[in-house]
Amino acid sequence: EAGVVQSPRYKIIEKKQPVAFWCNPISGHNTLYWYLQNLGQGPELLIRYENEEAVDDSQLPKDRFSAERLKGVDSTLKIQPAELGDSAVYLCASSLGIAGADETQYFGPGTRLLVL
Amino acid sequence: GNSVTQMEGPVTLSEEAFLTINCTYTATGYPSLFWYVQYPGEGLQLLLKATKADDKGSNKGFEATYRKETTSFHLEKGSVQVSDSAVYFCALINAGGTSYGKLTFGQGTILTVHP
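Sequences listed follow chains A and B, in order.
In terms of the working numbering, the first sequence opens at residue 1 and continues consecutively.
In terms of the working numbering, the second sequence opens at residue 1001 and continues consecutively.
To be clear, the hints were calculated from the coordinates, so they are not data collected in a lab.
No experiment lies behind these values; they were computed from the predicted model shown.
Think of the CB as a built atom: it goes at the ideal place given N, C-alpha and C, for glycine as much as any other residue.
Take the hints with a grain of salt, since some may be wrong.
[Stated by the list, open to error] Cβ-to-Cβ under 8 Å is the rule here; a few derived chain A residues that face chain B: (1) His-29; (2) Thr-31; (3) Gln-41; (4) Leu-45; (5) Arg-48; (6) Glu-52; (7) Asp-57; (8) Pro-109.
[As the list claims (entries may be wrong)] Stretches of chain B that chain A covers, calculated by requiring three or more beta carbons in the stretch to come under 8 Å of a beta carbon on chain A: (9) 1007 to 1021; (10) 1043 to 1057.
For reference, chain A alone in the conformation it holds in the complex:
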């Protein structure tokens, strides 16, 4: 069974440029999460989707970040414009969405962003 797929794996951009990250969750997983992981820290939730609905986006900086999951499957996270402080690893995770709040979340390998 394929795991969570993310692309690109690495991205280098100049500040003020836009950037987008793509995630394809495990087949059949209804819940999708985007996490931000700064160097030397644990991941922090940015947004959680149940199917195509964003049910928790309280930690998403909406002035520059946006996300979508139009058909309830794959998802895109966008930053426009990027700032130096956005350099981090962006992780996508998915879960079945039927087993309760503590069901296992499966993580992708992440996209490492460097803003110059």
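Chain A is already provided as a structure; the job is to place chain B on it using the hints.
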């Protein structure tokens, strides 16, 4: 709010040594507790979990017991191998309110095991 505190790293051990990585948490109610592991170049993987007090999670020789009285979930392994070298994250989910489905992670502990 919820928070997780892990012991400072990095931790360096010789093969077959005993491992303990301390983890304590702050949360309201009855959170579920997790240990995730991140091997070099790979994504986070669930190592083990415990959903209620006194539960013991175990996997691949690793164990952790949910201690509500001390709000702890320390990770242990009796004999580490070089292949256990990775970053270990303690995390919790609190099912109540606005924290539903949100994993709260500690800062991670780097483990290096030498032959």
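Exercise. Which of the listed hints are broken here?
Worked result: When the structure is compared with the hints, numbers 1, 6, 7, 9 turn out to be violated.
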